[in-house]
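Two chains, two separate frames, one set of hints: put the complex together.
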Amino acid sequence: MAKYVIVGASAAGIGAVEAIREVDPVGTLTVITDEACSHYSRPMISDFVSGKADLKKVDCRHEDFWKENNVEALLGKKVTAIKFEEKAVQLESGEKIPYEKLLIATGGKPFVPKMEGSDKEGVFTFTTLKDAQVIAAKIASINAKSAVVIGGGLIGISVTEALVKRGLKVTMIELQDKILSLLLDPKGSDIVEAVVRKAGVNIITGQSVQKIIGKPDNENTVGGVILTKGDQVPCDLVVVAIGVIPRTELVTGTAVKTNRGIVVDNMMQTNVPDVYASGDVAEAYDFVLNQNRLLPLWPLAVLEGQVAGCNMAGKKSTYSGGTNMSSLKYFGIPVVSVGLANPKDDPTLEVLTKIDPEHNVYKKLVLKNNVILGMTLVNSIERAGILFYLMKNSMNVKKFKEQLLADDFSWASFPVTLQRKMSVVQ
Amino acid sequence: MVKRIIAKQENCMGCGLCEVFCTVQHSKSKDIIKAYNSERPKPISRVRVERNKPVSFAIQCRHCEDAPCVNACLSGAMRKDPKTGQVTHDPQKCMGCWTCVMVCPYGAIIMDREGHVVAKCDLCQGFDSPACVANCPNEALVFKEAKA
Numbered sequence: 001m002a003k004y005v006i007v008g009a010s011a012a013g014i015g016a017v018e019a020i021r022e023v024d025p026v027g028t029l030t031v032i033t034d035e036a037c038s039h040y041s042r043p044m045i046s047d048f049v050s051g052k053a054d055l056k057k058v059d060c061r062h063e064d065f066w067k068e069n070n071v072e073a074l075l076g077k078k079v080t081a082i083k084f085e086e087k088a089v090q091l092e093s094g095e096k097i098p099y100e101k102l103l104i105a106t107g108g109k110p111f112v113p114k115m116e117g118s119d120k121e122g123v124f125t126f127t128t129l130k131d132a133q134v135i136a137a138k139i140a141s142i143n144a145k146s147a148v149v150i151g152g153g154l155i156g157i158s159v160t161e162a163l164v165k166r167g168l169k170v171t172m173i174e175l176q177d178k179i180l181s182l183l184l185d186p187k188g189s190d191i192v193e194a195v196v197r198k199a200g201v202n203i204i205t206g207q208s209v210q211k212i213i214g215k216p217d218n219e220n221t222v223g224g225v226i227l228t229k230g231d232q233v234p235c236d237l238v239v240v241a242i243g244v245i246p247r248t249e250l251v252t253g254t255a256v257k258t259n260r261g262i263v264v265d266n267m268m269q270t271n272v273p274d275v276y277a278s279g280d281v282a283e284a285y286d287f288v289l290n291q292n293r294l295l296p297l298w299p300l301a302v303l304e305g306q307v308a309g310c311n312m313a314g315k316k317s318t319y320s321g322g323t324n325m326s327s328l329k330y331f332g333i334p335v336v337s338v339g340l341a342n343p344k345d346d347p348t349l350e351v352l353t354k355i356d357p358e359h360n361v362y363k364k365l366v367l368k369n370n371v372i373l374g375m376t377l378v379n380s381i382e383r384a385g386i387l388f389y390l391m392k393n394s395m396n397v398k399k400f401k402e403q404l405l406a407d408d409f410s411w412a413s414f415p416v417t418l419q420r421k422m423s424v425v426q
Numbered sequence: 427m428v429k430r431i432i433a434k435q436e437n438c439m440g441c442g443l444c445e446v447f448c449t450v451q452h453s454k455s456k457d458i459i460k461a462y463n464s465e466r467p468k469p470i471s472r473v474r475v476e477r478n479k480p481v482s483f484a485i486q487c488r489h490c491e492d493a494p495c496v497n498a499c500l501s502g503a504m505r506k507d508p509k510t511g512q513v514t515h516d517p518q519k520c521m522g523c524w525t526c527v528m529v530c531p532y533g534a535i536i537m538d539r540e541g542h543v544v545a546k547c548d549l550c551q552g553f554d555s556p557a558c559v560a561n562c563p564n565e566a567l568v569f570k571e572a573k574a
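In order, the protein sequences belong to chains A and B.
Per this note's numbering: the first sequence = residues 1 to 426.
Per this note's numbering: the second sequence = residues 427 to 574.
Isolated chain B, as found in the complex (with noise of 0.2 Å):
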């Protein structure tokens, strides 16, 4: 099965630090300065904490059994891994159509006006553990197997 990033709602503070440290692992210089003043493209979280008061968690992409981003896909971007059942996104042949912000159910695709792309939540590949999941200081964000 599938390792995905599950929140665990009642630990979530809504501070944010996830999508500072998710921003900043996307960006080229890793620094979190340059990230957030300097640096073009600007890089872009791709975790989103959602908030209802009292109510907020995190949310990325699902990486879904049967994904509608992928089949709705116009330009062969945004694709199955057969072998790790990811949803992976390539930037270069990505069109920034946005046919899977819409249909994506989670809301869970970035879209990047000015790079006219989309991007999406990658699991940090090379990385044990995604930064949002690592630096999260209350433990409201859990990377295990679980169904979607």
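For reference, chain A alone in the conformation it holds in the complex (with noise of 0.2 Å):
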């Protein structure tokens, strides 16, 4: 019997323990988790794979984490049915473990889209640590030298420029007309584009992979693919690296109420009395959108677990939401994308952009009354944050909308009002 069990233990799993050990420090708490590793950093993968981060690096707690928060850890262990009449989870062995309470965040799963060849030996996903660790051995043991990434968005360039650092020739393949497009407009799309075709990448959009081949001695070992157009790539390995889907399988069927994802409101409580769901399993709020949404990213899982985990230890606590946000590092051109990038024509709403192609700058701004709904900057971030914190607290920027995108807008830029009530100035 455990106060609390967790089904999962990456970022949601790992705030919730946090969170949960802020307000009981001594309730009993289970972690069980399939995999081997756990509190790593999944975005940090790429950078195994790259040899830039060795399993030291990228454990993003410490070794002790479990033992220091009190946490039955259960590694490497299955849960394969929840029994919500009983509270009880079941593992693999038919062991029982009765909760109290109970967090599911069971994550996210890679999306693999139907391809004839996709059993060959050297197709890989990459969402786990698990799955790094055998590419990289991979590409150590067959001394590949080259490999097709499918996918061109946040997955598909962190997992292409660590093969770059690898020293393989990569083809990426990207079905939409351009790479990050659920990032970046055109323009940006453009940009970024450049820079990685200028480190070696051979990109290709509009197409995808109808057939995996093998190589011509060895037919179950990957030798390229075919695209839909018919053309041919030769390569040693292929990335699958279009999303992740939500791991809902221990609840399909039952009492547990679905979408796409698990259904939360904004405690992270599912519809069924005492569960939990966060992360890339949990469709939480968008507050551009707003409305609840899969929003598979590291940042607002740890913070869906945080507030989850408060809830469960009896602390009441709501989610303020999040929105599709992400920063990239890749290639050397720091890009940050948070909520609208690509709107459609919408006479409602304003746009602002600035656009620099010597230095390969670019920031969009996309407004509604007077609101930011929408921020694009590229290679050019350090303002970011300011500009999010706008965003996140629907402010009103009239009274300073000239000056957002300017080098050197920043809390000078405000109401002498709003800098005292943040401290920034007496």
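Taking lysine-lysine and the BS3-like style, the derived pairs with C-alpha atoms no more than 30 Å apart in a straight line are:
| # | chain 1 | residue 1 | chain 2 | residue 2 |
| --- | --- | --- | --- | --- |
| 1 | B | K573 | A | K399 |
| 2 | B | K506 | A | K56 |
| 3 | B | K573 | A | K421 |
| 4 | B | K479 | A | K401 |
| 5 | B | K434 | A | K398 |
| 6 | A | K211 | A | K114 |
Away from chain A, derived, C-beta distances all over 12 Å, residues of chain B:
| # | residue |
| --- | --- |
| 7 | V446 |
| 8 | S453 |
| 9 | K456 |
| 10 | A461 |
| 11 | D507 |
| 12 | K509 |
| 13 | C550 |
| 14 | Q551 |
| 15 | F553 |
| 16 | D554 |
| 17 | A560 |
Here are the computed distance ranges between Cβ atoms for each label pair:
| # | chain 1 | residue 1 | chain 2 | residue 2 | range |
| --- | --- | --- | --- | --- | --- |
| 18 | B | G511 | A | A36 | 34 to 44 Å |
| 19 | A | R260 | B | N564 | 54 to 64 Å |
| 20 | A | V371 | B | K573 | 22 to 32 Å |
| 21 | A | A81 | B | K468 | 55 to 65 Å |
| 22 | A | S141 | B | M427 | 55 to 65 Å |
| 23 | A | K316 | B | K454 | 45 to 55 Å |
| 24 | B | K573 | A | K130 | 40 to 50 Å |
| 25 | B | P563 | A | D408 | 19 to 29 Å |
| 26 | A | Q403 | B | K454 | 33 to 43 Å |
| 27 | A | Q403 | B | Q551 | 29 to 39 Å |
| 28 | B | G511 | A | G76 | 28 to 38 Å |
| 29 | B | K468 | A | E358 | 18 to 28 Å |
Simulated from the structure, these hints should not be mistaken for lab results.
All values derive from a computational prediction rather than experimental measurement.
Even for Gly, the Cβ is constructed at its ideal location relative to N, Cα and C.
Structural data, given as structure tokens:
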């Protein structure tokens, strides 16, 4: 019997553990994960592949994290069912662990489209440390020279950079017309694309892979891909990096309400009493779109986990929401994208842009009624947080709108009352 | 309550000496000439004078109560010290993902693009007074307990 049971030990699970322990230092707490490694930084697995980070560095807490938080951590254990009527989770071994409060933080699993040949040796996904370890080992063992990365989004660009750093010739294949299409408008995408190409990456857009083919001497090993238009790209590895879908298997066919992910309220509670969900598996609040939806992003999963943990331990907490928000470090061109990046033509929206092609700088804000609903910053991101603050708090920016995209935009641009309120000045 | 550095806007002349002393304080050599001319990696000032004429004041990490940078940090480099309440940053753990930069409401996290890490105010640990405060020629920075 554990007072608290958390299924999943990544961002949301970590956030929940820390929040529970702030409120309740003693209540029994069990964390179960099917991964052998836990509390590592998922966004850092590309640094592991590139060789920039070792196992110690990818640990985003520290060795004794579970012990220090008085957690019974069941690593490498799979939960096969949740018995909501009995208030217990069941492990593969048949063992049942009863709970008083349960958090489902099972995360997402990589989406792999149907492709002929996807069962060949040398096809990988890229969401876990295990994936990264297997890819790194494979590169070394076959002395891989080239790779095809399927997907030109966040995961795709991260793994592409890592493979380039390992000396591989990479071809990135993106179904949309532009890479990073969920984060950037065509102009922003073009700037980043040029930088990625300059690093030697072959980018093919508007196509996907229809078939993975074998090597001439070994049909079972990856030798290349055939694209939808028929072109053939030879390679030693294929990494499928399209995105993740929620791991909702444990609640399928149960009383827990799901849409694309698990449906939760602003306290991260599901419709079943004492059952919470957070992270990539849950549909949490988006403050820009004003609706709940899937937003599989690390920082949001941590926050959602914190909210769930607080509430599980009896301290009321509500989630203020996140939105589609990412910062990118890849290929030496920093990018921040928050909220609406590429809105459809809408006369009620106002768009401010600034472009400096010589320095690869592009900035764009999307506003509605003088409130920022979207920001895109390419290669000039140091003031992003201030803009994010204005966005998150739905502040009216009318008085300083002209300064928002200036290079020296800062707290000095704000009224003194706000500066005082935030203890910036006396 | 956590001691924080607060600017007296009316005293600030915008001279930028706080940036110079911060840079030297965070250099290896602690020598102004070497710090600016030859030291690698280049030492970086963690305080920045913000100017919007005629207004100017210096700003640095506010060590927020509920720090967005700590919650958002992907690598565990940014942490809240439970004893002192200060926000600390470990450059060895930092992966340079810029996520903290995206969410810092003060724009107080400095990007070290050469070193692929961020830098921010550490309140000059081990000294009575942070270098920017101690060396401000017009007492435009005060180090005192304050809310953030």
